[in-house]
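Undergrad: Counting from 92, one number per residue, gives the positions in the sequence shown under this note's numbering.
Worth flagging that the hints you see were computed from the coordinates, not collected in a lab.
All of these numbers come straight from a predicted model, not from anything done at the bench.
Don't take each hint at face value.
[Stated by the list, open to error] Taking CB as the label site, the calculated pair distances span:
id, residue 1, residue 2, range
1, Ile133, Ile111, 32 to 42 Å
2, Ile162, Thr193, 39 to 49 Å
3, Gly197, Gln95, 30 to 40 Å
4, Gln190, Val166, 12 to 22 Å
5, Ile178, Arg99, 38 to 48 Å
From the three backbone atoms N, C-alpha and C, an ideal C-beta is built for every residue, glycine too.
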Amino acid sequence: MNRQILLRETLVSIAINVAITIGFFFAVFGLQAPIAGTSFGIDFLPQSFFVALMGTVIPGLLIRRGSGTAIAPVVLRSIALALASVIVAGGGAWLLFSQIATVPAGPALGIKIAFAAILSAIVTPYAVHRAMTASVRNRP
Numbered sequence: 092m093n094r095q096i097l098l099r100e101t102l103v104s105i106a107i108n109v110a111i112t113i114g115f116f117f118a119v120f121g122l123q124a125p126i127a128g129t130s131f132g133i134d135f136l137p138q139s140f141f142v143a144l145m146g147t148v149i150p151g152l153l154i155r156r157g158s159g160t161a162i163a164p165v166v167l168r169s170i171a172l173a174l175a176s177v178i179v180a181g182g183g184a185w186l187l188f189s190q191i192a193t194v195p196a197g198p199a200l201g202i203k204i205a206f207a208a209i210l211s212a213i214v215t216p217y218a219v220h221r222a223m224t225a226s227v228r229n230r231p
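Modelling step: build the complete structure from the supplied sequences, incorporating the hints.
TA: Next comes the structure, spelled out in structure tokens:
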């Protein structure tokens, strides 16, 4: 049962974060012109924060919902993971793409989608597992 929950929440997180990423990509960059590498790179900072935050806080709160346990640890853990994601994943992508003059819009969209999916696949199972084990430990 726990594996099913982990898989379900991770797949939902990936789908939602990819959809949001696509929407923001079109709103910010569109698909017409090549994107400056520095602009593309810096956009990974907020993306990594919000992908990690949404991929951890929502599933964590859903798992905790029926358990009667405190939600503050879920929120604090989610913020900490989001900040760590900015530093590690977002910072790495920023440094990488800041070295490139331009990125064609089509491949840039694919890179953003892959980034959102991979980051979601990393942070969501961790957060869901932590929320499930805390909920089980704190049951009466």
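Undergrad: Okay, which hints does this one fail, numbers in order?
TA: 1, 4, 5
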